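Visitor: In case you want the letters, here they are:
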Amino acid sequence: MDVILQIFLVVLLAKIFGELSIRLGLPSIFGGILAGIVLGPFFAEPNGEIFSFLAELGAIFLFFTAAYNEVSIRYIQTLSKYTLIPTFTHILVAFVCGYTLGYIFDLGFLENIFIGIAFSSTSIGSVVNMLIGCNYLSKNPGPLVLSSAILNNFVGVIMLGIIVSVATYQRLPGGREILTIISGVVGFLVIMIVLGYKVYPVLFKYIHRMQIKESIFAFVIIIALVSAYLAEILGLHSVIGAFIGGIFLSEIPLARIEDIQSKVSGISYGVFIPMFYAFIGMSIDFSILQTNGLFTIAVIVLALLGKLLGGYIGSKILKVNSYDSLIFGIGSMPKADVELVVISIGLSMGVIDDVSYSAIVLMVATSVVVSPLLLKYTIQAKEGANIGCRGI
Amino acid sequence: MSKMNKIKGKFFTGSNNSKTGEDKPSMSNRCQRIGINDIIKKDIVTLSEGDLIEDIINVFTKHRFHTYPVINDKGNLTGVITQNLILKIILLDIMPQTDHTDLAVKSLSNDAKGIMDPHPVTVNLDSNLCDVAKLMVKHNVNQVFAVDNGRLVGIVSKLDVINEISKIRG
Numbered sequence: 001m002d003v004i005l006q007i008f009l010v011v012l013l014a015k016i017f018g019e020l021s022i023r024l025g026l027p028s029i030f031g032g033i034l035a036g037i038v039l040g041p042f043f044a045e046p047n048g049e050i051f052s053f054l055a056e057l058g059a060i061f062l063f064f065t066a067a068y069n070e071v072s073i074r075y076i077q078t079l080s081k082y083t084l085i086p087t088f089t090h091i092l093v094a095f096v097c098g099y100t101l102g103y104i105f106d107l108g109f110l111e112n113i114f115i116g117i118a119f120s121s122t123s124i125g126s127v128v129n130m131l132i133g134c135n136y137l138s139k140n141p142g143p144l145v146l147s148s149a150i151l152n153n154f155v156g157v158i159m160l161g162i163i164v165s166v167a168t169y170q171r172l173p174g175g176r177e178i179l180t181i182i183s184g185v186v187g188f189l190v191i192m193i194v195l196g197y198k199v200y201p202v203l204f205k206y207i208h209r210m211q212i213k214e215s216i217f218a219f220v221i222i223i224a225l226v227s228a229y230l231a232e233i234l235g236l237h238s239v240i241g242a243f244i245g246g247i248f249l250s251e252i253p254l255a256r257i258e259d260i261q262s263k264v265s266g267i268s269y270g271v272f273i274p275m276f277y278a279f280i281g282m283s284i285d286f287s288i289l290q291t292n293g294l295f296t297i298a299v300i301v302l303a304l305l306g307k308l309l310g311g312y313i314g315s316k317i318l319k320v321n322s323y324d325s326l327i328f329g330i331g332s333m334p335k336a337d338v339e340l341v342v343i344s345i346g347l348s349m350g351v352i353d354d355v356s357y358s359a360i361v362l363m364v365a366t367s368v369v370v371s372p373l374l375l376k377y378t379i380q381a382k383e384g385a386n387i388g389c390r391g392i
Numbered sequence: 001m002s003k004m005n006k007i008k009g010k011f012f013t014g015s016n017n018s019k020t021g022e023d024k025p026s027m028s029n030r031c032q033r034i035g036i037n038d039i040i041k042k043d044i045v046t047l048s049e050g051d052l053i054e055d056i057i058n059v060f061t062k063h064r065f066h067t068y069p070v071i072n073d074k075g076n077l078t079g080v081i082t083q084n085l086i087l088k089i090i091l092l093d094i095m096p097q098t099d100h101t102d103l104a105v106k107s108l109s110n111d112a113k114g115i116m117d118p119h120p121v122t123v124n125l126d127s128n129l130c131d132v133a134k135l136m137v138k139h140n141v142n143q144v145f146a147v148d149n150g151r152l153v154g155i156v157s158k159l160d161v162i163n164e165i166s167k168i169r170g
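Protein sequences, first through last, are from chains A and B.
Here my numbering is used: the first residue of the first sequence is 1, the next is one more, and so on.
Here my numbering is used: the first residue of the second sequence is 1, the next is one more, and so on.
There is no bait here: all hints are sound.
Over the 12 Å line for every Cβ pair with chain A, so calculated as not near, a few chain B residues:
id, residue
1, Arg-30
2, Gly-35
3, Ile-57
4, Thr-61
5, His-63
6, Ile-71
7, Glu-164
Computed footprint of chain A on chain B, listed as stretches where at least three residues anywhere in the stretch have a Cβ under 8 Å from a Cβ of chain A:
id, region
8, 89 to 98
9, 101 to 112
10, 115 to 125
11, 139 to 153
No lab work stands behind these hints: they were computed from the structure.
Please read these numbers as outputs of a predicted model, since none were measured by experiment.
In this text, a Cβ means the ideal position worked out from N, Cα and C, and glycines have one as well.
Let the sequences and hints guide you as you build the complete structure.
Guide: Following this line, the structure appears as structure tokens:
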């Protein structure tokens, strides 16, 4: 199929299905994934070079926009120590569940780690939708759930950055290779700090005065791509570079003018990000899932149970009551962006196979459907009333 | 003919003026001569970083401006809160799902510092009317804030700019 036709169809269907998802109370990412599932059979080469490049751009813009537009590092600095313990426990328990599952099914060391990271992340967007839907954003433990999801997101990106660097060697790296990885990470961070604190503030003063149309917007996009490229040449993945570039850019007043943010969000969510989600949908192999039913069920159950138990235990350590601890555990279950990026990187690097990939996509989809239902029933049990959650 | 040229001179700036035989400087020259100090409103209502949401809503109902600057203890401009933003925060659950994450994170704080937009469009005191007009058009904003080394000095609205340009056009 012609590439222009592919792009047109993906964006069109992603928006139509996305709208339907929102009206059903589900996250809009379903729209993109569903568009990919529907269009997959009609695309001659679903993993063709052009479309996979566009999908990578989608992942880059997904991470860049998250850091630049949505959740600034400032919020992490304001998070209380109260958030740290339960966040640590649900990340740890879920990671152990993922790693152990891979070990039981005799997968490789790196694949186990990738599965562990995919298990340990929480989607901020899905958590927010769930809490708002059940009117629990400002009620306890809603704020704690959201703070924990924000922290979890940052930890997930850091874990992804480390594992991608390690996975480039396709085995556990030796001493010299670890040094190379560390120097690459440190080198990248030093460059970004110098650019972020010394170069960008001055640069944007000049860009601000440029007469050419959309100069600031263009430079914001340039910085997203430069950060992604620099990360790649220093041994990190491009999405990590884009995320860190977005963090530093979010602190530059001239780069964060509302009008520019709106344009960046427009090109990201309007065009590129749907391509990434569609690519995820196209890459699911349902026939493999049928022949690996036990593994798929184990992935779904353990990923959700790991988060639930980890969150519950962490809250209990803080002496939170049982219902609120359960709500916190359920609140850490929904997954979306980081997990999908983790597995798509894992698949493209040849570290995880089609079976794990497809099972984890199904787990992500299940998590955003099941979590709000569990939350609703738990809140009903806690409050002893038949409360309603929007869309559920 | 001369009448026609006069009308042209009003609408088309630059070399047209010399053809009319008038010595009036062009519109851009005239607006560059008007410093920002001549047009800013210095008597402004501000919010402090520690103001709670209820205080902020009270300010909106009392004064009826569209946008309020937020200042820190040193009087430095640190952000702005608009009518749009406060409405979005209060009515979060009916806003589009795509805006939820950003707004929900903001709503974790209950003070001005947490919910404000931290990057307002500012100008220095050596700017002129042309600079301000260009900024407003370029960034699609209805007001800019005048700062002196980060300290908030005043505010200029789009209406102030139009009024001033109207005056210099005669």
